[in-house]
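Novice: In the order they appear, the protein sequences are chains W and F. Heads up, the first sequence is in the working numbering, so the first residue is 1 and it goes up one at a time. Heads up, the second sequence is in the working numbering, so the first residue is 1 and it goes up one at a time.
Incorrect hints may appear among the rest.
As the list claims (entries may be wrong) - For lysine to aspartate or glutamate, the following EDC-like pairs were computed, each having C-alpha atoms within a straight-line distance of at most 16 Å:
{"id": "1", "chain 1": "W", "residue 1": "Lys-375", "chain 2": "W", "residue 2": "Asp-386"}
{"id": "2", "chain 1": "W", "residue 1": "Lys-416", "chain 2": "W", "residue 2": "Glu-167"}
{"id": "3", "chain 1": "W", "residue 1": "Lys-197", "chain 2": "W", "residue 2": "Asp-303"}
{"id": "4", "chain 1": "W", "residue 1": "Lys-197", "chain 2": "W", "residue 2": "Asp-41"}
{"id": "5", "chain 1": "F", "residue 1": "Lys-141", "chain 2": "F", "residue 2": "Asp-172"}
{"id": "6", "chain 1": "F", "residue 1": "Lys-282", "chain 2": "F", "residue 2": "Glu-383"}
{"id": "7", "chain 1": "W", "residue 1": "Lys-296", "chain 2": "F", "residue 2": "Glu-325"}
{"id": "8", "chain 1": "W", "residue 1": "Lys-296", "chain 2": "F", "residue 2": "Glu-327"}
{"id": "9", "chain 1": "F", "residue 1": "Lys-360", "chain 2": "W", "residue 2": "Glu-167"}
Bear in mind the hints are in silico, worked out from the structure with no lab data behind them.
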Amino acid sequence: MSGVDQPVSTVRRVKQGSAIAVAVVAAATVLGGCARNAPQDTFKPEGENARKIQNLQWPVFLVAGIVGVIVFAAIIYVVIRFRDHGQEMPRQTHGNPTLEIGLTILPAVILIAVGIPTVSTVFSLAKTSDTQCVVNITGQQWWWEYEYPVQNCGGVEIAEPLVTSGELVLPTKVHVLLRITSNDVIHSFWIPKLNGKRDAVPGRIHPLRMEADHPGIFAGQCTEFCGLSHARMRMDAVGLSSADFSTWVATQLQPATKPTDPLALPGEDVFRAQCSRCHQVNGLMEENPDGTDSTKPVIAFPDLYVVAGNAPNLTHLMSRTTFAGATFDLLTDSCRKRLLEASPEEFGALYLKGVTPDCFNEAELREWIRNAPAKKPMYSSEAEKDQNGGKYRGMPNLNLTDDQIDQIVAYLLERK
Amino acid sequence: MFTTGSKLFLGATVLSVVAAVIFGLSKGGADGWLGVVGLLTAAFVFAFLFCVNYVIRDGNVSAMSDDATTVSPAAQRPVERSGWPVLSSVAVAAIAVGAVSKPIVFKAGVVLLLAAAVEWMVHGWSERASADATYNADLRKRMLHPIEFPVLAAAGLAAIIYSFSRIMLWIDKSGGPVVFIIAGALVLFGGFLFASRPSLKTGVISGVCALAMLGLVSTGAVMAVDGQRTIPAHPTTGSDNGAVCDLAEEGPGEQAEIDDKGSQAVASKASIGITVTLENGKLTAHELAVPANQDPVTVSRGNVVNVIFKNRDSVPRRLTVNMGEFETDINGTKVKERPKICTTLVHPGGSQFLSFVLPKPSIASSQPYTFAVPGVSGLKPIEIRVP
């Protein structure tokens, strides 16, 4: 190797190394976007509204991508082709009306072409006149509450308002209108496969259309930073056929039944003494001095304890498959897998079974009851309570004994 | 050795670290750590800038040579007089006084100290930039005028706006338009005068403007000290357990004036969740974005419900929210409470805002929650249900 060849070879090696590094970074970036199981994939809509967004976004991204590639390619070509290597200064020109007019008209035409379907889609997504069902949604640190007003919801009569949390149950192929608000700070509601996101702002109601094509579970996530456990403020939308939805409504309107399990009976007492300060269980009655149930319902008063002034209603906890802001599973892994992989025809029946003893993820719930803030960070220690005007943000550690935890778990397992 | 720029950033680095330690020790807790992280971040940034300046020698060839700061003609120039040290000491005094009196004095001291420090630094640097004093002065202006002029202009405008606002808040409500008209006329007259007399000396114009400014600011200061006039409140709601909310006519005593002078229009309609309308002897409720009217209405537990009431009746009416019936124990005696909240009287064609919270579900109350309008015979109230 000659002395002249040495530096050339080094430069080539550096160039090759740089090219490989760039290729690796680019490949990693592209491959990082791939996933086999992506429950929050916006590019795979499973509802009419999300499909409208998808039908708009892919051609827009295509046009933007082509423009971007052309612009970047032109810049790279010019930078390399006309780089300074000692050549003479080229002839300078000023003004080229044809080029300037062309470069003004072309983007205008592209923008108009993109703008017309965009405006059309925006109006279409804002439409509420075709509503067939209404659900009121309230965001709070760090869970979502769903209320179904008295109405005919896509053919299913709801005679009494009902409330649930974590899982938004919808009749499929029905235009559902969500009326979204918040109890404490700003949150944002997003089920990517069913529609775009909508902020939940205290004191305001923001409407959002929602429709699911088929029965199944559609995952979502709060998308506005809302405090310590923002990342653990999730939600699921559950699509059910009209018949299954009707069954679900009927179940939800039933008051809680008296516990039958010998362990659940004292569990009811512990629940009444500890949990019912914040959590409502419809049908739970106050206790007479002789130990029998009175006719006076136990009314939770979370407004005295938590900043949001609310806590999840647990009347039918085991009809849901998650708890604590849809963060933790009430189902074991195998049962959850079976539910997620169920065909649309089988899904409804499987979901309506709720949490059965053989599918119960007891360890998860037990850990939560033992020390909730250790499982999901919340401002709920005594010191933090003082900083929040004497109220908790989230569920505090109740310092229950193992026996009490056993009893409460047994009691909750019967809340279907 | 260290260049001037690197010394500056080294000092800032050390200062940030010391501040982080003091802040962390004195504040403690989560807030303390947040401050420590912020100050240490600043220290890292300053340290980085110190390294950069040290390596590139301030990007200045002369910094490579000690001669530039020791034996060059620029270095031999006598130091000019400067008012910035005096201003800096005033600022430090303000910080000390503000630390034990009012936070605003402390903040003003900090701002003043920062401004004086920047001015002092640039002044000190520019007076040794060359041996030519005129060139040095120009250099200083070139550096600082782009900052000084906008800041001074903003401060002047703020003084005018604040003074004028104090004057407007001091004078009687009916006097406001008169003052506006006179002030506007004076400005117009002054502008006309200056424009029609181009021969007027700049000094005269500046003097007139300075006098006007002085008059405005001093009047504003006097009126700010005296305080604003009493602005009567016109509440739009009552909640005295039905004494007013059950009345179809004006309430007694002070409530009569409130009913008479209550606002008849709602300015902000953006956060209205439910619109309740009384028309043809019938009450209807329309929830935002829902196509049809609702009866019953379902609202969230513990959440704010914002309602607008529209009276399309021929006589004044008020909307009352019956917030259930609850039995409470007062000194061993069971008492039934029926909390209510209502608008003041809404004149025909008027509308009013009402905001309330229902912290308990409907099953907690022995009576339903309802929207009602007292005095309308045969009116069916609208039930409010809280799941």
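Novice: All the hints need checking, so say for each whether the structure fits it.
Specialist: We went through each hint and held it up to the structure:
1. Restraint check for W:Lys-375 and W:Asp-386: the C-alpha separation of about 21 Å exceeds 16 Å, so the hint is violated.
2. The hinted pair formed by W:Lys-416 and W:Glu-167 meets the criterion: a straight-line CA distance of about 14 Å does not exceed 16 Å.
3. About 28 Å separates the Cα atoms of W:Lys-197 and W:Asp-303, which puts this hinted pair outside 16 Å; it is violated.
4. The suggested pairing of W:Lys-197 with W:Asp-41 holds, with an alpha-carbon distance near 13 Å, which does not exceed 16 Å.
5. The suggested pairing of F:Lys-141 with F:Asp-172 is violated, with an alpha-carbon distance near 46 Å, which exceeds 16 Å.
6. For the given pair, F:Lys-282 sits about 14 Å from F:Glu-383 by alpha-carbon distance, which is consistent with the 16 Å threshold.
7. Straight-line distance between C-alpha atoms of W:Lys-296 and F:Glu-325 comes to about 14 Å, which keeps the hinted pair within the 16 Å bound.
8. A threshold of 16 Å between alpha carbons decides the hint, and for W:Lys-296 with F:Glu-327 the separation of about 11 Å falls inside it, so the pair holds.
9. For the hint pairing F:Lys-360 with W:Glu-167, the CA-to-CA distance comes to about 23 Å; that exceeds 16 Å, so the pair is violated.
In this structure, the earlier hints numbered 1, 3, 5, 9 are contradicted, and the remaining ones agree with it.
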